[in-house]
Amino acid sequence: MPDEIKLVLFDLDNVLCEYDRGRRVAFLAELAGTTNEFVYKAIWETGFELLGDSGALDAADYLRGFGERIGYPLSLDEWVEARRRSMQADRAMLEIVRRLRETVDIAILTNNTTLVSDHIEKLLPELRPLFGSGIYTSAQFKAAKPDPRCYRLCLSELQATPETVLFVDDLMANVAGAREAGLFAHRHTSMEAFRQALSEYGLLHG
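163 is the number of the first residue of the sequence shown in the working numbering; add one for each residue after it.
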């Protein structure tokens, strides 16, 4: 157990919000006049999305490549709208975030293209008032979770040391990567388990 957690670093999808990729795929397929299966395979099964997450493609090349792969000249507004439709804020989690920020620093580290952080006000307007500028995407660090470099570069930006940070993610691989980088980490499976973990870390009372 750490002496003192000073920063709680959150994943985004399926932690701070419910993420429904199926809704996103369906919207994109309708725009492109094609099938859900075609869009899913073109973007997610080919590894293209990972090129965006890891920063191998900058935002402009990512958006252009996305459209090319689904056979439709996708605009930025359409990409943002597809992403927005797939996200719904987790009100209970955000209430805990509000309580945590009274005593510790908070930030977000999500595997995503920089388009997500650049347009977070449209995607999930609840987040900016809570997290301010502390919303980071893997793409800006040119490394994606669970690569330990991703966490270390994010903490460098935050001027935080690993042993004072608790990382929260729904994917076990990302939790393991955070621990490898020296952070404390919790796999998010339920609000009850998360509250219990925060209590054990001395971060949540009552």
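Among the hints, a few may not be true.
[Stated by the list, open to error] Straight-line Cα separation of at most 27 Å, DSSO-like style, residue types lysine-lysine; simulated pairs: (1) Lys203 / Lys304; (2) Lys304 / Lys284; (3) Lys168 / Lys304.
Think of the hints as simulated: they come from the structure by calculation, not from any bench. The structure displayed is predicted, hence computed values, not measured ones.
- Task: Starting from the hint list further up, note which numbers the structure goes against and sort them upward.
- Result: Violated hints: none; all satisfied.
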